[in-house]
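**Q** What follows is the residue order along each chain.
Number of protein chains: 2
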Amino acid sequence: MNLKKAGEDRLLAQLLPMLSRHRSVVLGAGDDCAVVSGLPKGHLQLLKTDCVVEGIHFTTESPPGAVGWKAMARPLSDFAAMSGLPQFALVTMIVPGEKTLDWMKRIYRGLERAARSFGVIIVGGETSNIKGPAAISVSLTGLVEKDRWVGRGGGTAKDELFVTGRLGGSLGGRHLKFIPRIEESRWLTKHFPIHAMMDLSDGLGADLPRLARASGVGFEVDENAIPRHRGCSITQAISDGEDYELLFAISPSRSVSLKKRWHRRFSNLTLTRIGRLNSSFVTRHSKLPAGYVHFQ
Amino acid sequence: MNLKKAGEDRLLAQLLPMLSRHRSVVLGAGDDCAVVSGLPKGHLQLLKTDCVVEGIHFTTESPPGAVGWKAMARPLSDFAAMSGLPQFALVTMIVPGEKTLDWMKRIYRGLERAARSFGVIIVGGETSNIKGPAAISVSLTGLVEKDRWVGRGGGTAKDELFVTGRLGGSLGGRHLKFIPRIEESRWLTKHFPIHAMMDLSDGLGADLPRLARASGVGFEVDENAIPRHRGCSITQAISDGEDYELLFAISPSRSVSLKKRWHRRFSNLTLTRIGRLNSSFVTRHSKLPAGYVHFQ
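First to last, the sequence lines map onto chains A and B.
Residues 1 to 296 (my numbering) make up the first sequence, in order.
Residues 297 to 592 (my numbering) make up the second sequence, in order.
The hints are simulated quantities; they were obtained by calculation from the structure and are not laboratory data.
Owing to the predicted nature of the structure, the values given are computational and were not obtained by experimental measurement.
Glycine residues also receive a C-beta, built at the ideal position from the N, C-alpha and C atoms.
Be aware that a few hints might be false.
Stated by the list, open to error - Chain A regions said to be covered by chain B (calculated; three or more residues, Cβ under 8 Å):
| # | region |
| --- | --- |
| 1 | 25 to 36 |
| 2 | 81 to 89 |
To be verified - Listed below are the simulated DSBU-like cross-link pairs for lysine-lysine, each with C-alpha atoms no more than 35 Å apart in a straight line:
| # | chain 1 | residue 1 | chain 2 | residue 2 |
| --- | --- | --- | --- | --- |
| 3 | A | K158 | A | K190 |
| 4 | B | K401 | A | K4 |
| 5 | B | K427 | A | K4 |
| 6 | A | K99 | A | K131 |
One chain only, chain A, in its complex shape (with noise of 0.2 Å):
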């Protein structure tokens, strides 16, 4: 049956019930708004929202089922960046009534999967037809502690960047089943001063300029260092984007017992060294080609 036919309140009806419950949540989807408890003192508040179009983040071929995990994926991958604890979900769909309620169901359990994976609870959504490509948006709020969010601001010249995992080739179909690196963010933090963070969304070449920029330092990068999947190469890695890794600075005299301690706790996932922070405002790698952009 397709969405024409059957209408928001029965739609609803079907997919409410696959959400999951929790004591925080006061009211849950349904009402008009979700209402839900605060937070435990010591902490801030992080909210984020991000989303997936049609045409542009999956083709219509895409799995409906790894469209969903992807949307959920893409914010939790920025509560990773500032080693945050997601808590909450909205998710709007906006969809055109040919799709099937088999092919919305699908989406559902996706970002159903994504969300109780990391402890998320979906409170809320909202549907609305379009007369075009489907889109689907999440919003996210979560915690984290007063004293251990991490902003892509505070970086330092001399800092050290590292990444985690490999870069590009991830349009082959890693960009819709990707590990938002929150558990390995939320350990970094735990027993390192780690100076800026972000999570690679639009390929190192767009995103290291922004972490330089909002520290107000230069940068410089051994392209060779840079961590590639099999059968990239060094321009895919910089500029194919949709890593969801994160890159992040930390000061040189961590370094060591850095790479120690992550490859006895992370012994599946590479951490790599790939340059580092420096006080021009020019940066010295002038050749770094810009990763994604949005819009071109």
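Since chain A is already given, all that's left is putting chain B on it; use the hints.
**A** The following block gives chain B in isolation, referenced to the frame of chain A:
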């Protein structure tokens, strides 16, 4: 200049300075997540997302400032429905590359104008390309006193049903410039025990049955009592939708006092008793036609 040429960093550089700031915002738009302070004691958090889509909630010819206003005002109306106070907004703009930077800025000005009018800070956003109609999704967080939130489910048989303002004909233009009834809703819960409340977005004919169902009761409506906008038929007042007025249930013992005090406080906004809840499971007024139903 259109968005294809401008690119995301340039777009953000133009839009971000338009946003207002507040001391509760530790880190606003521009980093991976927004960071904001937690709730004062004795409060719960409210979460809501909603969207407007080109060709559905506005047309290509609609003034962009009014579209931005509507995109923010819709979830604000849901805050009114719960008697909550909105605090922070996340904005997702899904926009084809052909739209101009000027169009985007005018949308943002409308969003910001609505936000300021109700004490809301826009703390984050996301932009994406789409090969199709534009869509703007707004997520709001806010707060409500633990003993003051009003859901749809607290109505009891014999409660009287009231609506604020007049219904019908909104699509003639009011849907782009309506005022969310937050002030009225806060006043109501300050002075009276309100059993159940919601905002009328899909039309009384679709929304009232939802309130009754959530409360586990039936309802009866005096059609002739329904307050209509000039030139609207009863059917239009019931079915047009997008009224964004409040519908609420209150004990009949409060009815006289409510009307008297309301008219003193809100002399420019009518308040009308349109019927009551009852214990029948089939509604006595079986002719009430459905309001606007999504996907149909």
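**Q** The structure should be examined with respect to each hint, and the outcome stated for every one.
**A** Going through the hints against the structure:
Counting residues of the region 25 to 36 of chain A whose CB lies closer than 8 Å to any CB of chain B gives 9, so the stated coverage by that chain holds, three being the minimum. Residue count for the region 81 to 89 of chain A with a Cβ under 8 Å from a Cβ of chain B: 4. That meets the three needed, and the coverage hint holds. Taken as a hint, the K158/A and K190/A pair is honoured in the structure, with Cα atoms around 22 Å apart against an allowance of 35 Å. Of the supplied pair hints, the one linking K401/B and K4/A holds, its CA atoms being roughly 34 Å apart against a limit of 35 Å.
Taking the CA atoms of K427/B and K4/A, the gap is about 22 Å. The hint holds against a cut of 35 Å. Annotation: proposed proximity of K99/A to K131/A holds, straight-line Cα distance about 11 Å (limit 35 Å).
In terms of the numbered hints stated before, the structure departs from none.
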